[in-house]
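Number of protein chains: 2
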Amino acid sequence: MKTEHVNQIASAVNAVKATDVKNFYFVACGGSMAALATGDYFLSREISVPSKVYTSNEFVHMNPRGLGKGSVVILRSHSGTTPETVAAAKFAREKGAVTIAISMDVESPLCKEAEYIVHYNYKDGSDVIDGETGVYYSLIFGILNALTPNEKYERLLSQLKNLENLFETNKKLTYDRAFKFGSEYKREKLIYTIGSGAYYHQAYSFTSCLLMEMLWIHSNAIHSGEYFHGPFEATDFDVPFLIIKGEGPTRPLDERAITFAQKFSDKVEVVDITELDYAGIDEDLKEYFGPAIAGAVLRQYADGLAEHTGHPLSVRRYMWKMEY
Amino acid sequence: MKTEHVNQIASAVNAVKATDVKNFYFVACGGSMAALATGDYFLSREISVPSKVYTSNEFVHMNPRGLGKGSVVILRSHSGTTPETVAAAKFAREKGAVTIAISMDVESPLCKEAEYIVHYNYKDGSDVIDGETGVYYSLIFGILNALTPNEKYERLLSQLKNLENLFETNKKLTYDRAFKFGSEYKREKLIYTIGSGAYYHQAYSFTSCLLMEMLWIHSNAIHSGEYFHGPFEATDFDVPFLIIKGEGPTRPLDERAITFAQKFSDKVEVVDITELDYAGIDEDLKEYFGPAIAGAVLRQYADGLAEHTGHPLSVRRYMWKMEY
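Same order as they appear, the protein sequences are chains A and B. Sequence positions in the first sequence follow full-length UniProt numbering and run 1 to 324. Sequence positions in the second sequence follow full-length UniProt numbering and run 1 to 324.
Rather than coming from a laboratory, the hints here were simulated on the basis of the structure. Idealized CB from N, CA, C, for every residue including glycine. Any given hint might turn out to be false.
[Claimed, not checked] Which bits of chain A does chain B cover? Going by a derived footprint, with three or more residues having C-beta under 8 Å, they are:
#: 1; region: 7-21
#: 2; region: 57-66
[What the hints assert, rightly or not] In silico lysine-lysine, BS3-like type, Cα no more than 27 Å apart, as pairs:
#: 3; chain 1: B; residue 1: 172; chain 2: A; residue 2: 17
#: 4; chain 1: B; residue 1: 263; chain 2: B; residue 2: 189
#: 5; chain 1: A; residue 1: 321; chain 2: B; residue 2: 263
#: 6; chain 1: B; residue 1: 189; chain 2: A; residue 2: 22
#: 7; chain 1: B; residue 1: 69; chain 2: B; residue 2: 172
#: 8; chain 1: A; residue 1: 95; chain 2: B; residue 2: 152
#: 9; chain 1: B; residue 1: 95; chain 2: A; residue 2: 95
#: 10; chain 1: A; residue 1: 152; chain 2: B; residue 2: 263
#: 11; chain 1: A; residue 1: 22; chain 2: B; residue 2: 95
#: 12; chain 1: A; residue 1: 69; chain 2: B; residue 2: 189
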């Protein structure tokens with residue numbers, strides 16, 4: 001990892017370490033919120049300090065009572081210009097929270113409002129370890145290791161360098177399947193996604209940003225455990241599902257959803273995270289790396305749909321085109 | 001309120017008061033989870049003690065590290081038989097948490113697993129103050145008043161008796177509109193719902209339990225703040241939305257979503273919670289009562305769809321009909 005990123009992360013981690021942390025808030029919008037939510041999941045699994053995820057505008061308006069001195073607020077915006085997230089950083093900082101902004105642009109309004117900045121590279125050829133995944137994982141597990149030192153976190157941080165290779169090998173491994181999915185599902189007007197644990201947020205991101213935003217395909221990210229408490233009644237032979245079969249403690253929930261969906265729908269695509277390549281990753285660390293790799297793999301499923309629908313992922317009808 | 005309920009709630013509240021509360025967990029499935037989430041919202045607004053909502057099976061499998069002595073776990077299942085929630089109660093109690101089960105059946109497995117029981121009446125003619133809404137609000141604001149005594153909570157608790165009347169008057173007030181909605185939207189295969197704050201959970205419940213489960217209409221509950229970060233690209237002139245315009249601090253988020261949706265879709269149904277009748281409710285308490293009344297009003301929109309689609313809300317194809 002580049003020295004610049006190492007130093008930024010160290011500053012943020014040290015600030016957290018120097019704080020009597022009462023709570024963490026993860027605050028962003030859309031895909032950035034979903035990405036941050038993976039951190040909320042890991043923190044909730046690993047430490048007893050409470051954490052919560054908010055979409056930026058809800059955070060500012062509902063004004064959670066727990067926010068104040070002792071809060072650590074982690075915010076993220078790819079461009080660093082998302083107005084709601086910029087406002088949330090200002091709001092949190094004024095309330096006395098430690099604010100950490102994650103963005104690809106250190107000169108952005110978000111980075112100007114936050115006390116600490118964690119920059120990631122984007123499309124410059126160093127996208128993995130110095131990119132959003134490597135940098136975010138370094139921050140989250142750096143914080144965990146600072147609060148409750150554990151050799152497991154040390155190993156995880158040292159194995160992050162394998163991510164670059166894992167993204168490549170796993171994209172190759174799933175390329176044919178993803179593009180076949182694109183061909184088979186190209187006429188679908190609606191595709192449900194299902195997931196649990198950290199993968200629920202991958203499903204949310206796929207639904208909101210890839211299917212609905214980039215492909216104009218209707219969707220809903222259903223939690224594997226919630227599927228049976230309402231949504232499953234919408235299942236029918238011609239209703240399509242993309243289900244993430246996670247690597248981690250909630251995998252049994254996904255298995256149950258898959259078994260049911262496959263029984264009553266002819267269109268169930270399963271993305272099994274345990275079948276991916278984990279070269280260089282220790283067995284006990286797979287559940288941490290799975291969600292990171294899943295993101296790259298799922299993106300390819302969207303590429304497959306884009307290819308076969310002739311609808312490039314870059315096309316928008318409203319976003320960036322008007323005031324809203 | 002009947003003495004039985006008063007006593008059960010007092011026992012639960014006293015147990016919370018006697019605990020050095022580290023965190024609250026709200027644990028249930030589907031519509032019960034959404035109902036509990038209103039409590040999470042109010043607690044997060046009013047006190048700094050952290051709280052979090054989990055679907056029951058995720059709670060047990062992901063095993064949040066914060067769960068233990070000092071945790072208060074509030075669980076809910078209408079019948080008290082939901083296996084995942086029963087398992088969650090057992091799990092939480094074994095970890096040393098104070099467990100409070102809410103159900104219509106005190107003899108149910110859930111009530112047997114939990115330490116404290118809060119029973120509500122169902123379809124016996126005393127459904128409001130002694131029903132799920134009255135009883136749950138009494139518990140939540142009883143807890144708030146015990147932890148941080150406030151005359152506002154006292155007033156709120158004393159005004160809960162008006163709920164029965166408010167359910168009736170507001171159902172009458174919105175009857176025509178709801179059944180017109182049913183007529184106009186009866187051929188729709190997909191209806192999105194949108195909401196924020198405590199109303200997001202109403203949207204979730206309407207999507208999961210009423211549209212998808214009871215009416216087999218595809219849906220997704222979109223947070224008003226998240227709409228602009230992906231989902232709004234799926235908006236088109238013929239894409240239907242039911243948007244809850246809430247009473248409370250996040251109303252500006254709903255207004256923004258409505259303005260956009262109305263510009264690009266010809267099918268936007270707005271349920272404005274401020275236009276409802278709040279007879280007997282103090283001005284500063286409206287934001288607490290709004291979500292309670294919204295539930296009864298929204299149910300009527302589903303009744304309207306049921307009437308005009310000829311698909312009764314009681315029909316299921318999988319639920320209760322097979323093992324899954």
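Checked hints:
For the region 7-21 of chain A, the assignment as covered by chain B is violated, since 0 residues bring a beta-carbon within under 8 Å of that chain's beta-carbons and 3 are needed. Under the rule that three or more residues need a Cβ within less than 8 Å of chain B, the assignment of the region 57-66 of chain A holds, with 8 such residues. For the hint linking residue 172 of chain B to residue 17 of chain A, the alpha-carbon distance of about 57 Å lies beyond 27 Å, and the restraint is violated. Pair hint residue 263 of chain B plus residue 189 of chain B holds up; C-alpha atoms about 22 Å apart against a cutoff of 27 Å.
Restraint check: the Cα-Cα separation between residue 321 of chain A and residue 263 of chain B comes to about 14 Å, which is no more than 27 Å; the hinted pair holds. A distance of roughly 46 Å separates the Cα atoms of residue 189 of chain B and residue 22 of chain A; the hinted pair therefore is violated under the 27 Å criterion. For the proposed pair residue 69 of chain B and residue 172 of chain B, the alpha carbon gap of about 47 Å is over 27 Å, so the pair is violated. Taking the CA atoms of residue 95 of chain A and residue 152 of chain B, the gap is near 25 Å; set against the 27 Å cutoff, the hint holds.
Of the pairs offered as hints, the one joining residue 95 of chain B and residue 95 of chain A is violated, with about 34 Å between alpha carbons and a cut-off of 27 Å exceeded. Under the criterion of a C-alpha separation no larger than 27 Å, the hint pairing residue 152 of chain A with residue 263 of chain B is inconsistent with the structure, at around 52 Å. Annotation: proposed proximity of residue 22 of chain A to residue 95 of chain B holds, straight-line Cα distance about 22 Å (limit 27 Å). Taken as a hint, the residue 69 of chain A and residue 189 of chain B pair is broken in the structure, with Cα atoms around 48 Å apart against an allowance of 27 Å.
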